[in-house]
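Colleague: With the hints as extra help, turn the sequences into a complete structure.
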Amino acid sequence: MTATRIGLVGYGSGGRIFHAPLLAAADGVEFAGVVTRSAERRAELAKGHRDVPAFDSLADLAAAGAQAVTISTPAATHAALAREAIALGLAVVVDKPFALDAEAAREVTTLAADAGVLLSVYQNRRWDSDLLTLRRLIGEGALGEVRRFESRFERWAPDREPPAAGGGTLLDFGAHLVDQAHLLFGPATRVYAELRGDGDLDDDVFVALHHASGVESHLWGSWRQAAPGPRLRVSGTTGAYIVDGIDGQEAALKAGRSPADLGDRWGAEPEHVWGRLYRGATGAPVRSERGRWDTYYPAFAAAVRGEAPVPVDPWDSVRNMDVLDAARISATTGETVGL
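For the sequence shown, our numbering gives the first residue as 8, with consecutive numbering after it.
Do not take every clue at face value.
As the list claims (entries may be wrong) - Below, computed lysine to any residue pairings styled on SDA-like, alpha-carbon distance capped at 20 angstroms:
#, residue 1, residue 2
1, Lys261, Glu51
2, Lys54, Gly19
3, Lys261, Arg162
4, Lys54, Asp268
5, Lys261, Glu110
6, Lys261, Ala275
7, Lys261, Ile24
8, Lys54, Leu284
9, Lys261, Arg272
10, Lys261, Arg297
11, Lys261, Arg299
12, Lys54, Ala262
13, Lys261, Asp271
14, Lys261, Gly19
15, Lys54, Ile24
What the hints assert, rightly or not - Here are the computed distance ranges between Cβ atoms for each label pair:
#, residue 1, residue 2, range
16, Arg167, Gly341, 22 to 30 angstroms
17, Pro292, Glu114, 25 to 33 angstroms
18, Pro292, Asp166, 31 to 39 angstroms
19, Leu118, Asp205, 30 to 38 angstroms
20, Arg264, Arg286, 34 to 42 angstroms
21, Gly123, Gly148, 40 to 48 angstroms
22, Arg57, Ala234, 43 to 51 angstroms
23, Glu47, Thr196, 44 to 52 angstroms
Bear in mind the hints are in silico, worked out from the structure with no lab data behind them.
It should be emphasised that the depicted structure is a prediction, and the values quoted were computed from it without experimental measurement.
Glycine included, each C-beta is placed from N, C-alpha and C at the ideal position.
Modeller: The following block contains the structure:
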């Protein structure tokens with residue numbers, strides 16, 4: 008198999024922590040280079056990936072033989088850089104949030120389709136341990152008919168602003184929360200939301216979705232939650248699944264670990280953090296599936312080689328952006344917004 012040459016634009020915390028280690032470890036991938044003009048970032052790249060070259064521009068990366076590129080830069084730059092990559096004929100992965108609004112996301116997706124260029128969005132939390140376990144339980148019928156999906160990314164960081172690079176909490180956390188709800192239960196037909204923030208960016212959000220399937224999704228994202236709730240609580244007609252803590256892959260990457268050194272231990276959750284299946288007041292632990300963020304780039308590389316579809320259809324992320332746009336309207340008007 009000839010490796011697919013994938014480069015990276017941006018080497019801030021997103022590119023350095025969440026993409027570079029997975030690109031470097033991916034089967035069927037050659038980490039082709041990083042686009043950054045920052046001397047500091049270039050020094051970090053040389054320290055972490057000494058054989059990976061740095062480039063001044065996307066055009067230089069393409070000229071050096073890259074076939075694809077991941078864009079991991081501030082959210083406000085995603086759409087413009089994706090358009091530039093598409094014009095160069097590079098297959099593209101755009102980090103979430105795909106864009107600042109649905110109009111830009113739809114325009115980029117249409118542009119890629121018209122140009123015959125592969126495009127995907129990095130919705131890596133589709134491969135969280137807890138979500139993979141939940142999908143297994145639903146498939147086994149362990150919960151009966153799911154009625155309500157509760158999902159949270161809540162943190163207690165009162166002295167921090169939500170990162171501007173992510174576009175605020177609705178876009179940053181919401182891009183994952185809505186994507187997971189859509190993946191599990193299909194399209195939403197109406198949206199209600201509440202947003203709060205002391206600065207220019209929202210730091211505490213609640214979004215309620217009514218799905219065409221009949222499921223209700225209640226989604227929370229916050230940097231100001233002093234008592235974070237369970238990561239997941241999923242209620243069905245015969246049982247409920249509750250997971251308290253967050254998937255461990257993010258912490259592993261921040262600690263400098265990667266699939267290259269952990270091998271089959273990558274994404275494995277220790278038994279004491281497994282979720283529990285409840286039928287009444289008591290619950291029994293449920294074996295967690297391995298988290299598999301490490302499968303995204305091999306799958307994308309296979310798509311570039313024409314061997315498989317992209318791991319995340321960009322139109323899925325356009326649909327997510329439609330919901331996030333509707334959430335912002337709902338929070339402003341206080342009304343439920345139909346889709």
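Colleague: Now tell me if each hint is right for this structure.
Modeller: For each hint, the structure was consulted:
1. Lys261 to Glu51: With Cα atoms ~15 angstroms apart, Lys261 and Glu51 stay inside 20 angstroms; holds.
2. Lys54 to Gly19: Distance ~14 angstroms between Lys54 and Gly19 Cα, so the pair holds.
3. Lys261 to Arg162: holds, 16 angstroms
4. Lys54 to Asp268: Answer holds: Lys54 to Asp268 is near 17 angstroms, not above 20 angstroms.
5. Lys261 to Glu110: violated, 33 angstroms
6. Lys261 to Ala275: holds, 16 angstroms
7. Lys261 to Ile24: holds, 6 angstroms
8. Lys54 to Leu284: violated, 45 angstroms
9. Lys261 to Arg272: holds, 16 angstroms
10. Lys261 to Arg297: holds, 18 angstroms
11. Lys261 to Arg299: Holds, because 16 angstroms separates the two Cα atoms, which is no more than 20 angstroms.
12. Lys54 to Ala262: The hint holds at about 16 angstroms.
13. Lys261 to Asp271: holds, 19 angstroms
14. Lys261 to Gly19: This hinted pair holds, its Cα atoms lying about 13 angstroms apart.
15. Lys54 to Ile24: holds, 13 angstroms
16. Arg167 to Gly341: 22 to 30 angstroms: holds, 28 angstroms
17. Pro292 to Glu114: 25 to 33 angstroms: Distance hint for Pro292, Glu114 is violated at roughly 46 angstroms.
18. Pro292 to Asp166: 31 to 39 angstroms: holds, 35 angstroms
19. Leu118 to Asp205: 30 to 38 angstroms: holds, 37 angstroms
20. Arg264 to Arg286: 34 to 42 angstroms: This hint holds: roughly 36 angstroms between Cβ atoms.
21. Gly123 to Gly148: 40 to 48 angstroms: holds, 42 angstroms
22. Arg57 to Ala234: 43 to 51 angstroms: Because 44 angstroms falls inside the window, the suggested range holds.
23. Glu47 to Thr196: 44 to 52 angstroms: At 47 angstroms between Cβs, range holds.
Hint compliance for this structure: hints 5, 8, 17 are broken, all remaining hints hold.
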